[in-house]
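Colleague: Residue numbers (this note's numbering), protein chains in the order written: chain A, 1 to 218; chain B, 1001 to 1482.
Cβ pair distances, simulated, as ranges:
(1) A/T43 to B/T1266: 41 to 47 Å
(2) A/V129 to B/I1012: 40 to 46 Å
(3) A/D97 to B/S1197: 53 to 59 Å
Taking beta-carbon pairs under 7 Å as the criterion, some of the chain A residues facing chain B (in silico):
(4) I128
(5) D161
(6) L163
(7) Y164
(8) P165
(9) I168
(10) A171
(11) I172
(12) V175
(13) A179
(14) S182
(15) L183
Hint data in this document are derived by calculation from the structure and do not stem from the laboratory.
For each residue, glycine too, the CB sits at the ideal point set by N, CA and C.
So you can see what is in the structure, the chains are spelled out below.
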Amino acid sequence: MESDRVIVVPRCLLRIINKKMFELIVFYIFAALLLTSAVMVITMRNPVHAALSLILAFFSSAAIWLLLEAEFLAIVLVLVYVGAVMVLFLFVIMMLDINLAKIREGFIRFLPVGFLVALVMVIVMGSIVGSGIIEPLLEERVYYGPGFSNTQHLGQTLYTDYLYPFEIAGAILLVAIIAAISLTMRARRDTKAQDPNRQVAVKRSDRVRLVSMKTEDR
Amino acid sequence: MLIELQMILPEIVLMSMACALLVFDAFIPSERRHLTYLLAQLALLVTAVLVVASFPQITEYAFNRTFVDDPMSGAVKAFILVITLFIFFYSHDYLKEHGILKGEYFVLGLFAVLGMMIMASAGSLLTIYLGLELLSLCLYAMVAMHRDSPPASEAAMKYFVLGALASGLLLYGISIIYGISGTLDLQEINNYILYNSERLPMLVYGLVFIIVAIAFKLGAVPFHMWIPDVYQGAPTSVTLFISSAPKIAAFAMTIRFVNDAFMHLTPEWQGILIILSILSMAMGNIIAIAQSNIKRMLAYSTIAHIGFLLLGIISSQSVSATGVTGFADALFYVVTYALMSIGAFGFVILMGRKGHEADELDDYKGLADKNPWFALIMLIFMFSLAGVPPFVGFWAKWFVLKEIVATGLAPLAVIAVVFSIIGAYYYLRVVKLMYFDKPVSMTAIKATQTMRAVISLNGLAILLLGVSPGLLMTFCIEVMKL
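Generate coordinates for the entire structure from the input sequences, incorporating the hints supplied.
Modeller: Here it is, written out as structure tokens:
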């Protein structure tokens, strides 16, 4: 009844409320999806299913990032993690012969201890986070609008404010490459690699052995 | 920009030389691998000269305050570089003797040093984390480098998993602190805490995770589980590395956290550190008694020494509230500990030979009959680690105890003394084995002349610093002045 009267002022207000409501709904859907898939990663019996749940978790967090107008990060998360890292992950899982029974051997035995530790942690953490002290931290969100480029903004801060950490990250990646290569590459003696030097220098006597045999009698 | 680049010149030079070395190493034949080693030493030397030449007198910031240049960072970097010079020296002999000499060892070592230098002069939470990761990644790879040895692989796996867990905890703590204060800058966090004390519980919540991660990296009880296995399983040259220079870097990281960022949370972290310290001293010293493997024994001894180091960090803060010393006694402790630790592990390398690691206590029986000079050097290391007066280990303990009493925590000092006395038992047992037992085998020590010279130098340095600790202590007080 009353809403008929109010409509004059706030067409935009109504729209904002709707937008916010809609955003909240989308957020909760993806947050729920994220949590469910994250739980599934550790509860799935089949490691391939666990990896697939992880992919779903990445997708949902990418969606949440999109909601925060961080479209570059969202796309990178999908491209890099879902596209490259998880594919490798699946490869490794499928190539390894994982004995599930052996992995789950100590599960029941350690369950009470693990459960107790988890319970204590949840109570302690919950008492702090739930004590309301976190409340005033939540500030009004700033909306950047359609003209804002997350990619440009990110690039600008990355190469100015965070130049030094960015360079260190480069050094870390280099170290990762060095470590991976030096740990996996070994000169194997049983490889069939060809050595052109030796191929050229080969002599007849190395390859052909002439044997004089007596002719066999019929 | 130019001035900023000038400030990180040592880091830039070290990184460039490490990269150049990496390429160089790929092109030289394996029988000339010692060239890689020599160039790595040169890189360290050049960097050390640069650090000393541009020794900062005041605190300066660069790169949007992600980089700090202050006297402490200068001193810590110089100490790390000098200690690493020794480490590379011992490592080269070990790796050559055991036939696992690879250029990557030195390249990764240089990158680890770079990580430590970044940690020492970190101005933001992000820089600390990245420096730590750079260091840790190098160390994991170095532990695993001896691929044909199952214990080394096992050690690397344990180190990697627990290290990753610690990094995760650190990141969680950092994210909480960032979430509350909205900044990564250590100084700004400090100011934030000062003016927003009503958010204390949430800040402490983040602080706890950061302290846990620090304890993991230092190896304080109850986060010490990786230390004995990694120390024993890793090649001795890597154990030597892990047990010395990274401890100095971890000390610097701790100071960056507790002093630069969380100075106004002193009572909170002090309480946590007191518990960690007492537990470390108790567990380390008591469990070490039961060990028959010298590397494992020294691992537990590290844990005990970390307890003492934490004591130094606890004590100085209260004094520096009035602006007196800062963490000078802790810096003195960690530097002298690193010197003793490379000596002790270097000695294990000296005793070993191809196919034989000399890491059982029985290998040291009757050493005095075989080689009185080296028995004397080992005696110096053991006495110094135990804290017997004429050596520097005594003074390190003495300064820490003095500070802790001055802080008004006398009971803590009593506990520390009691556990030090318990700890003296297993150090003196090594001395007893060397001097009063019959040798098991009469194999002579097989080591190069230079190795003998350097380890003697290491022993004499400990003796010399013990005779006149004043100079180093004055220097520590000078650089730690806040």
